[in-house]
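K.L.:
Read off the chains here:
Number of protein chains: 2
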Amino acid sequence: MTDYTAPLADMRFLLKEVAEFGAVSRLPGCEEATPDLVDAVLEEAGKFAAGVLAPLNSVGDRAGCRLEDGKVITPPGWTEAYQQFAAGGWVGLGLSPDYGGQGLPKCVATPVWEMWFSANTAFTMLPQLNTGESEAILLAASDELKATYLQKLVTGEWGGTMNLTEPQAGSDLAAIRTRAEPQADGSYRISGQKIFISYGDHEITPNIVHLVLARLPDAPPGVKGISMFLVPKFLVNRDGSPGARNDVRCVGLEHKLGIHGSPTCAMSFGDAGGATGWIIGEPNRGLEYMFIMMNEARFGVGVQGIGIGERAYQQALAFARERVQGRDAVTGAVGQSIINHPDVKRMLLTMRARIMAARALAYTAAGWFDLARHSPDTAAADKSKRYVDLLMPVVKGWSTELCQQVCYDAIQVHGGMGFVEETGIAQHTRDARIITIYEGTTGIQANDLVGRKVLRENGATLRELIVEMRGVAAELAAAEGMQSMAVRFAEDIAALERALDWILANGRERLAAVLAGAVPFLHLLGSVCGSWQLARVALAAAKPTAAEAYGADYLRGLIELACFHAHALAVQAPALAAAIVGAGETATAFARDVE
Amino acid sequence: MTDYTAPLADMRFLLKEVAEFGAVSRLPGCEEATPDLVDAVLEEAGKFAAGVLAPLNSVGDRAGCRLEDGKVITPPGWTEAYQQFAAGGWVGLGLSPDYGGQGLPKCVATPVWEMWFSANTAFTMLPQLNTGESEAILLAASDELKATYLQKLVTGEWGGTMNLTEPQAGSDLAAIRTRAEPQADGSYRISGQKIFISYGDHEITPNIVHLVLARLPDAPPGVKGISMFLVPKFLVNRDGSPGARNDVRCVGLEHKLGIHGSPTCAMSFGDAGGATGWIIGEPNRGLEYMFIMMNEARFGVGVQGIGIGERAYQQALAFARERVQGRDAVTGAVGQSIINHPDVKRMLLTMRARIMAARALAYTAAGWFDLARHSPDTAAADKSKRYVDLLMPVVKGWSTELCQQVCYDAIQVHGGMGFVEETGIAQHTRDARIITIYEGTTGIQANDLVGRKVLRENGATLRELIVEMRGVAAELAAAEGMQSMAVRFAEDIAALERALDWILANGRERLAAVLAGAVPFLHLLGSVCGSWQLARVALAAAKPTAAEAYGADYLRGLIELACFHAHALAVQAPALAAAIVGAGETATAFARDVE
Chain A
1 MTDYTAPLAD MRFLLKEVAE FGAVSRLPGC EEATPDLVDA VLEEAGKFAA GVLAPLNSVG
61 DRAGCRLEDG KVITPPGWTE AYQQFAAGGW VGLGLSPDYG GQGLPKCVAT PVWEMWFSAN
121 TAFTMLPQLN TGESEAILLA ASDELKATYL QKLVTGEWGG TMNLTEPQAG SDLAAIRTRA
181 EPQADGSYRI SGQKIFISYG DHEITPNIVH LVLARLPDAP PGVKGISMFL VPKFLVNRDG
241 SPGARNDVRC VGLEHKLGIH GSPTCAMSFG DAGGATGWII GEPNRGLEYM FIMMNEARFG
301 VGVQGIGIGE RAYQQALAFA RERVQGRDAV TGAVGQSIIN HPDVKRMLLT MRARIMAARA
361 LAYTAAGWFD LARHSPDTAA ADKSKRYVDL LMPVVKGWST ELCQQVCYDA IQVHGGMGFV
421 EETGIAQHTR DARIITIYEG TTGIQANDLV GRKVLRENGA TLRELIVEMR GVAAELAAAE
481 GMQSMAVRFA EDIAALERAL DWILANGRER LAAVLAGAVP FLHLLGSVCG SWQLARVALA
541 AAKPTAAEAY GADYLRGLIE LACFHAHALA VQAPALAAAI VGAGETATAF ARDVE
Chain B
1 MTDYTAPLAD MRFLLKEVAE FGAVSRLPGC EEATPDLVDA VLEEAGKFAA GVLAPLNSVG
61 DRAGCRLEDG KVITPPGWTE AYQQFAAGGW VGLGLSPDYG GQGLPKCVAT PVWEMWFSAN
121 TAFTMLPQLN TGESEAILLA ASDELKATYL QKLVTGEWGG TMNLTEPQAG SDLAAIRTRA
181 EPQADGSYRI SGQKIFISYG DHEITPNIVH LVLARLPDAP PGVKGISMFL VPKFLVNRDG
241 SPGARNDVRC VGLEHKLGIH GSPTCAMSFG DAGGATGWII GEPNRGLEYM FIMMNEARFG
301 VGVQGIGIGE RAYQQALAFA RERVQGRDAV TGAVGQSIIN HPDVKRMLLT MRARIMAARA
361 LAYTAAGWFD LARHSPDTAA ADKSKRYVDL LMPVVKGWST ELCQQVCYDA IQVHGGMGFV
421 EETGIAQHTR DARIITIYEG TTGIQANDLV GRKVLRENGA TLRELIVEMR GVAAELAAAE
481 GMQSMAVRFA EDIAALERAL DWILANGRER LAAVLAGAVP FLHLLGSVCG SWQLARVALA
541 AAKPTAAEAY GADYLRGLIE LACFHAHALA VQAPALAAAI VGAGETATAF ARDVE
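Which chain is which? The protein sequence lines are A and B, in order. Using the UniProt record's numbering, you'd call the opening residue of the first sequence number 1 and step up by one each time. Using the UniProt record's numbering, you'd call the opening residue of the second sequence number 1 and step up by one each time.
Treat the hints as calculated values from the structure; they're not laboratory data. Any given hint could turn out to be false.
As the list claims (entries may be wrong) - Derived contacts from chain A toward chain B, CB cut-off under 10 Å, selection only:
#1 Gly89
#2 Asp172
#3 Met294
#4 Arg346
#5 Glu422
#6 Gly443
#7 Leu511
#8 Gly517
#9 Pro520
Unchecked claim - Below, in silico cross-link-like pairs of lysine to aspartate or glutamate (EDC-like), each with a Cα-Cα straight-line distance of 20 Å or less:
#10 Lys224/B - Asp328/A
#11 Lys224/B - Asp172/B
#12 Lys385/B - Asp239/B
#13 Lys146/B - Glu282/B
#14 Lys224/A - Asp328/B
#15 Lys146/B - Glu288/B
For glycine and all other residues, C-beta sits at the position ideal for the given N, C-alpha and C.
If we strip away everything but chain A, and leave its shape as in the complex, we get:
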């Protein structure tokens, strides 16, 4: 059994002192998010996460899901916890108040979602689906569909799903074959097979609203011929209640490495003639709408990485404090907790530095989301939007990759006990293994970063970001005791710039070479963003005004953590810059197939 305590001090500090919360809370529509309200929300969420969701995490892992007589049975306690979760208003925390949401800014909702993912990732995938789906319906669906479905989704009364993948269409949605035939009444008959559908069926909510990618009969081939449809599990009566069963069924559950509590369904649409659905927005624009959901989902998966990492870190830290083993390397004293062993201390600091770096970036990015959406200053809104677009693949790809390393070290700290399932630490590694894959693998994120985000605009936004980073480096250089960090950060930025120059110089003529270095480039940009964010953390922690609110001891720890990150972890930046060029030059030079 593993406990979880929401890291409220870190969350408050990052939100208020590092992310753009100050600016966000002054935006039109965000005025209700006062510091006091935010504190209260974080505290309540922390209690619910620790008290209700966290204890169910290993229950879900052990019990898993079953398909019995065509019904998907979720783990014991899941339905009751979900009812409490929805009743608490948590599903729509960041969603529109017009449809029953709480309308809190994304930068406030983000630490709350992080808590849910820490407490119980497999459970949280259910309400997470509602947020992306609600955004897509809000932006693209007809008023009638909105009126029928949106409030049910925002409040969590009904569940939602994303039906994208087919056996031959994973990363490559152009290969989708599911068909939609228009009917005289304006509806469509949907038929086809979808796989890997999270919470594709369950008994937790009385209805489930599937968003399904499919092709119209006259659709052009490829991604330009994909439309999006809304297909409810139960057709909806005039009074809004669930009515007749629709022709969509779960026909199988995957047996997975992790997230056992989340049913991963193979779905069949139209076995009995066709499932009834309605088109979202215009024909053949499904991919565009899907990306509304997908951007939500990708950000959410990045936060998932931070959440799972935090949980694993907390457990490793507790174990390292408790477990007595070996003698002090220097004094020879026996009876030492292993936290005193230099290598264990290094692992714990590494875990914490990685989590804090990724968390600071995600919270900051969440603030940009809010600014992009609400700021009346169009220049500020535009800049925020460009930063979000540029760094979304980093928040998703880099945070989830870091999480793997954090979970790895968490087992390592446990020694042999880490390999025994009862210890509970292995579950985090198993659960986390999917997050660098779903909603676009790290490779897909890196291609998106290099292709759509950097090459397409000739590196403009990244150059802008680099200028901003240099400003922070100058602040560091001027701050007391931060010179060595400033020197390192300047090296990081220089490495990033070298890699960017190479990518821009070669992107046109030698795209394959550039793409062979795309994942190292994502790691490099992530690492430099981590240095940037922890530099901002250190500067904020050094402000004389901070001591009273957070305590000098806590703040000193943050500065030391930033220093550790700069010298022990971020030193990899020049090597990554070299690897980008090296991988590109040598992988494509291969005269023959991989052996």
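Please arrange chain B on chain A, whose structure you already have, making use of the hints.
P.N.:
The following block gives chain B in isolation, referenced to the frame of chain A:
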């Protein structure tokens, strides 16, 4: 289901052209290991691995082990496969012919054991135990114990175990509490609890020979008071057959993340008054004898890492060739196997380069074992022994860490299918997760490397190795088309030297700081050894004489692989050197406990 094909071409090339096989086969006692015999042995082993052991790998994972009525039930097919394995003479392949072994050099036995680990790691742990145990008995036990037990172990008629760990004594064997009371007849009564005992009980062999660490009543505290005892499951009759049941029992099985086919037992000695055992060698020298087994076992675990990595690589490669997804990044052509995507190619090359680097080092180290043991040239024997001692923690620690990354990429290549257990690729990640923990975690290996292998002799052997590496760098620089590799390799060596200088300069005054950088140092030394070995591979592949034996195409691939390793992977060496200093300086500077 996943197939396995022994990589005979790679094994033969490395053994004959890169490892010291030529020198070894001329040693007294090794003359029978002719090239033809070696080819025949590798081929036969490859057939047995692919045909018998590999298909049982997923069977063992799914079925696992059960404890029923005090009996440990291993997976279906385990016993039959083991009987074939033992009948084939594979258990004692590298063990003394005086006791029924084949007496082949370790450098020949090593690729064979790699095949077993590729094919079925959980199964192979059983015969692997016999090798270490036989070495310990051969070197330390009385003639009477040898006469009774050794042939049974070398031939695999009986199984063996290592009983070290207790709940409070994991990495810290000083904390062992199991007791041994001398009896009038020269035997001892053993009582205590041991945990994490691989194959601690089973029905596969008619008897099991436990080697047990325990304390005599008058033993001094700590590691200097540990003795080693031989405790058979069944006492042995005068005719050598198993007789009365001894007082040692499996009282529980661990539920583990991986290697489900290997029963991990909690063992109880002396519940009914005391298990009968006999002392191995002299009192209070148990730890020394244990390290005979442990060095065998550590080398074996390094090879396990190579074996599991190879299996995962083969499966990922097959999937990448078969799976069609997406379009060519440059030409836009559809219907591409994903192996053509630059990022997938990068992952596959990375996997192969890592495996080949670790394999070349392990085979070379195996050759040093043989030279150290058999060479009549005492200077050569001595140098080989020093190299083995220095690099044993690297073969164990670095090869097993690389294996984690290989298995990670292998899942990544599979995308969503990689997370589904039926695909079979996740098993390798789960199985591999223990190998950086057991027989000494990576942290323990790194402490051994820095403390006992480098600081204790003031870096002498490592300096000697660096001189040897510089010689290879000079050869590279003089070889056609290898200049850029030579430049990179020289950078690697310089980075290693910088780190070594810092460690030697600070090891006395600031040991904790040095130990905080011990794991990065292990990675650095591993990486530079990888560069060294692949440089040797490239030089051997460029020899005009090689083309006829191996084919020009195969050899060109090896040179390109070495080039990819130098420029895309080994570039991390300078960063690792910086991280060693950085981790040391900043982790120990922390004014407070880890948060």
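K.L.:
A separate judgement is required for each hint: does it hold in the structure or not?
P.N.:
Hint-by-hint comparison with the structure:
Taking 10 Å as the C-beta cut-off, the interface hint given for glycine 89/A is violated, the closest approach to chain B being about 31 Å. Taking 10 Å as the C-beta cut-off, the interface hint given for aspartate 172/A holds, the closest approach to chain B being about 4 Å. Against a cut-off of 10 Å between C-beta atoms, the interface hint on methionine 294/A is violated, since the closest Cβ of chain B lies about 15 Å away. For arginine 346/A, the suggested interface contact is upheld, since its CB lies about 5 Å from the closest CB of chain B, less than 10 Å.
Because the beta carbon of glutamate 422/A sits about 6 Å from the nearest beta carbon in chain B, less than 10 Å, this interface hint is met. The closest approach between the C-beta of glycine 443/A and any C-beta of chain B is roughly 4 Å, which is under the 10 Å cut-off, so the hint is satisfied. Annotation: leucine 511/A was flagged as interfacial toward chain B, and the flag holds, the nearest CB pair being 5 Å apart, inside 10 Å. The interface hint given for glycine 517/A holds, since its Cβ lies 8 Å from the closest Cβ of chain B, which is under the 10 Å cut-off.
A cut of 10 Å between beta carbons decides the hint on proline 520/A: the least distance to chain B is about 8 Å, and the hint holds. Annotation: proposed proximity of lysine 224/B to aspartate 328/A holds, straight-line Cα distance about 18 Å (limit 20 Å). Of the pairs offered as hints, the one joining lysine 224/B and aspartate 172/B holds, with about 13 Å between alpha carbons and a cut-off of 20 Å not exceeded. Annotation: proposed proximity of lysine 385/B to aspartate 239/B is violated, straight-line Cα distance about 40 Å (limit 20 Å).
A threshold of 20 Å between alpha carbons decides the hint, and for lysine 146/B with glutamate 282/B the separation of about 15 Å falls inside it, so the pair holds. Using a Cα cut-off of 20 Å, the hinted pair lysine 224/A and aspartate 328/B holds, with the two alpha carbons roughly 18 Å apart. Between lysine 146/B and glutamate 288/B the CA atoms are separated by roughly 18 Å; this keeps the pair inside 20 Å, and the hint holds.
When the structure is compared with the earlier hints, violations turn up for hints 1, 3 and 12 and for no others.
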